[in-house]
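**Q** Once you've looked at the hints, dock chain B against the given chain A.
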Amino acid sequence: MAQRYWNEKIEKMELAEMRKLQSERLVAQVKHVWDNVPYYRKKMEEKGVTPDDIKSIDDLHKLPFLSKADLRDSYPYGMLAAPLSDCVRIQSTSGTTGKRVVSFYTQNDVDLWEDCVARAITAAGGTKEDVVQVAYGYGLFTGGAGLHGGSHKVGCLTLPMSSGNTERQIQFMMDLKATILCCTPSYAAYIGETLQEMGYKPEDIPLKAGIFGAEPWTQAMREQIEATLGIKAYDIYGLTETSGPGVAFECEEQSGMHINEDNFIAEIIDPDTGEVLPEGSKGELVFTSITKEAFPLLRYRTRDICILSRGKCSCGRTLVKMTKPMGRSDDMLIIKGVNVFPSQIEEVLIKDFKAAPNYQIVVDRVGTTDTFEIKVEISDDMFSDTIKDISTLEKKIGADIQQILGIRAKISLVEPKSIPRSEGKAVRVIDKRKLV
Amino acid sequence: MTVKQLSVFVENRPGRLSAVTEALASAGINIRAVSIADTKDFGIMRIIVNDTDKAIAALKENGFIASAANVIAVIADDKPGSMASIMKILYNANISVEYMYAAFLNREKGSACLILRVDNNENAVEALKDADCTLISEKELSEI
Numbered sequence: 002m003a004q005r006y007w008n009e010k011i012e013k014m015e016l017a018e019m020r021k022l023q024s025e026r027l028v029a030q031v032k033h034v035w036d037n038v039p040y041y042r043k044k045m046e047e048k049g050v051t052p053d054d055i056k057s058i059d060d061l062h063k064l065p066f067l068s069k070a071d072l073r074d075s076y077p078y079g080m081l082a083a084p085l086s087d088c089v090r091i092q093s094t095s096g097t098t099g100k101r102v103v104s105f106y107t108q109n110d111v112d113l114w115e116d117c118v119a120r121a122i123t124a125a126g127g128t129k130e131d132v133v134q135v136a137y138g139y140g141l142f143t144g145g146a147g148l149h150g151g152s153h154k155v156g157c158l159t160l161p162m163s164s165g166n167t168e169r170q171i172q173f174m175m176d177l178k179a180t181i182l183c184c185t186p187s188y189a190a191y192i193g194e195t196l197q198e199m200g201y202k203p204e205d206i207p208l209k210a211g212i213f214g215a216e217p218w219t220q221a222m223r224e225q226i227e228a229t230l231g232i233k234a235y236d237i238y239g240l241t242e243t244s245g246p247g248v249a250f251e252c253e254e255q256s257g258m259h260i261n262e263d264n265f266i267a268e269i270i271d272p273d274t275g276e277v278l279p280e281g282s283k284g285e286l287v288f289t290s291i292t293k294e295a296f297p298l299l300r301y302r303t304r305d306i307c308i309l310s311r312g313k314c315s316c317g318r319t320l321v322k323m324t325k326p327m328g329r330s331d332d333m334l335i336i337k338g339v340n341v342f343p344s345q346i347e348e349v350l351i352k353d354f355k356a357a358p359n360y361q362i363v364v365d366r367v368g369t370t371d372t373f374e375i376k377v378e379i380s381d382d383m384f385s386d387t388i389k390d391i392s393t394l395e396k397k398i399g400a401d402i403q404q405i406l407g408i409r410a411k412i413s414l415v416e417p418k419s420i421p422r423s424e425g426k427a428v429r430v431i432d433k434r435k436l437v
Numbered sequence: 002m003t004v005k006q007l008s009v010f011v012e013n014r015p016g017r018l019s020a021v022t023e024a025l026a027s028a029g030i031n032i033r034a035v036s037i038a039d040t041k042d043f044g045i046m047r048i049i050v051n052d053t054d055k056a057i058a059a060l061k062e063n064g065f066i067a068s069a070a071n072v073i074a075v076i077a078d079d080k081p082g083s084m085a086s087i088m089k090i091l092y093n094a095n096i097s098v099e100y101m102y103a104a105f106l107n108r109e110k111g112s113a114c115l116i117l118r119v120d121n122n123e124n125a126v127e128a129l130k131d132a133d134c135t136l137i138s139e140k141e142l143s144e145i
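Protein sequence lines correspond, in order, to chains A and B. Here the first sequence is numbered in the working numbering, starting from 2 and rising by one per residue. Here the second sequence is numbered in the working numbering, starting from 2 and rising by one per residue.
Next comes chain A alone, as it looks inside the complex (with noise of 0.2 angstroms):
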């Protein structure tokens, strides 16, 4: 088959040719921020830096960084560099309160986020002729809204399905013949076992191909979904912070996403010390978008823990690949696809209770699902003796974390001291998957 890119030459271009690209628009990017971002400038400020010591990408590493905690502070226009009125969108985190990241689109930029996610539908053997299902969530979760785009953008009929609803989902796939699935891994593996107890072979199923993320997976998971679906599936990665998926996707050779450089510059740091790692050490991803212009951030901490590397790729695309996340440099976990920070679910607890029970939060995977457990141990104030009172806390203490979460968790009431201590202290977070 002969190689086919959705724009060739951004994706071969040389690297000398890229850094080109890269400084003059990050020389920009710098200026307009320092114009319109009075947050960032004084950051710069700080620093003792200004734009004019921003000649080329050689200077990216001057710039202070941003943090999650940068996006809660200016919360929600602090990071806005453009008229409100040349904003069209608004797309957001996946309804984590207090850690609620809104990002904000010009019509260019949501342009260009369409046109990444063209290239990794285009990668992933996507043309006019492919009927794509977007079950990616519709809505503030960047999911659907950058699949859906980027298939426009390519041309594909777009079958816009949001998640859930699998017996729609199969009737849909089969009936219009659906050849590429878009969503988390894990929809693909429960829409997969479906399809295969209701007695369909990987023969009979019309996808061809499958764009799976916002959420880590394995190698193993991957096997699994192309042997019941029998597609090939290909990983996609991005985050709400820098546009959507298609910040880097996968080509036919499934080792690595190629980042789209021309959009995303992209550097490996120590997360302790902030240093830049030279290529091919582990650390913390971070991006500095460079032509984004409602919502740039420059120098922006993933907590992603991955490599880098610029080996020749058989796909023929020289854009820079990074490896699938191997860990977070934070305590946020992803569970069924949503991000969950202990200090969430602490917050739920100590709202209920007036003070913080010693809990413990326990992840798994059955087979390719999450199971999402909060052991809490019980103190004076929240026993009864009556069973019907304990069941009542229980499903209040669910509830609510289900409320501020968006996922149901099984809470389990736990006596006194059997959360094991380390140090002291309870230890928060068992996660039992096996994900790398």
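What the hints contain is simulated information worked out from the structure, not anything from laboratory work. It is possible that some hints are incorrect.
[What the hints assert, rightly or not] Covered stretches of chain B (in silico footprint by chain A; criterion: 3 or more residues with CB under 8 angstroms from a CB of chain A, positions within the stretch not fixed): (1) 10 to 19; (2) 43 to 51; (3) 54 to 66; (4) 79 to 90.
Quick caveat, the model's predicted, so the values are computed rather than measured. Each residue gets a CB set at the ideal place from its N, CA and C atoms; glycine is no exception.
**A** Leaving out everything else, chain B in the frame of chain A:
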């Protein structure tokens, strides 16, 4: 006239009941009545003991969550229909029984003892006394 009942939170895993009863045994506590309400993940062990304060102290010292509540201990004749008549007395007085269990508090042959947790102790005690039922007091309990 009520007696104190102890409730202890017990997780559903091997060894927990052993630990609770061991804690009570070490403190020289005599268990006079016991009942366990269980769910999938945990149970509540309800007990009547000869020295409630000492028992609570012993349980807390061993890291258990325990609380005390007032329940009614009523003597019933050990013959058909006596429990039914007690239930009828409470029903007629519009008392709701949340739970009940039997106790090893037989003062004499031919009698049985019921522990009742009701929604209104005062009214229940009054109704049972009016019907000439025999109730056991906290003081009597420690002497049996």
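**Q** With a C-beta cutoff of 8 angstroms, work out whether three or more residues of the region 43 to 51 of chain B approach chain A closely enough for the coverage to hold.
**A** holds (count 3)
**Q** Are there three or more residues in the region 10 to 19 of chain B whose C-beta lies closer than 8 angstroms to some C-beta of chain A?
**A** holds (count 4)
**Q** Taking beta carbons only, do three or more residues of the region 79 to 90 of chain B come closer than 8 angstroms to chain A?
**A** violated (count 0)
**Q** Do at least three Cβ atoms from the region 54 to 66 of chain B come closer than 8 angstroms to Cβ atoms of chain A?
**A** holds (count 3)
Figure legend: structure checked against the earlier numbered hints; the only hint not met is number 4.
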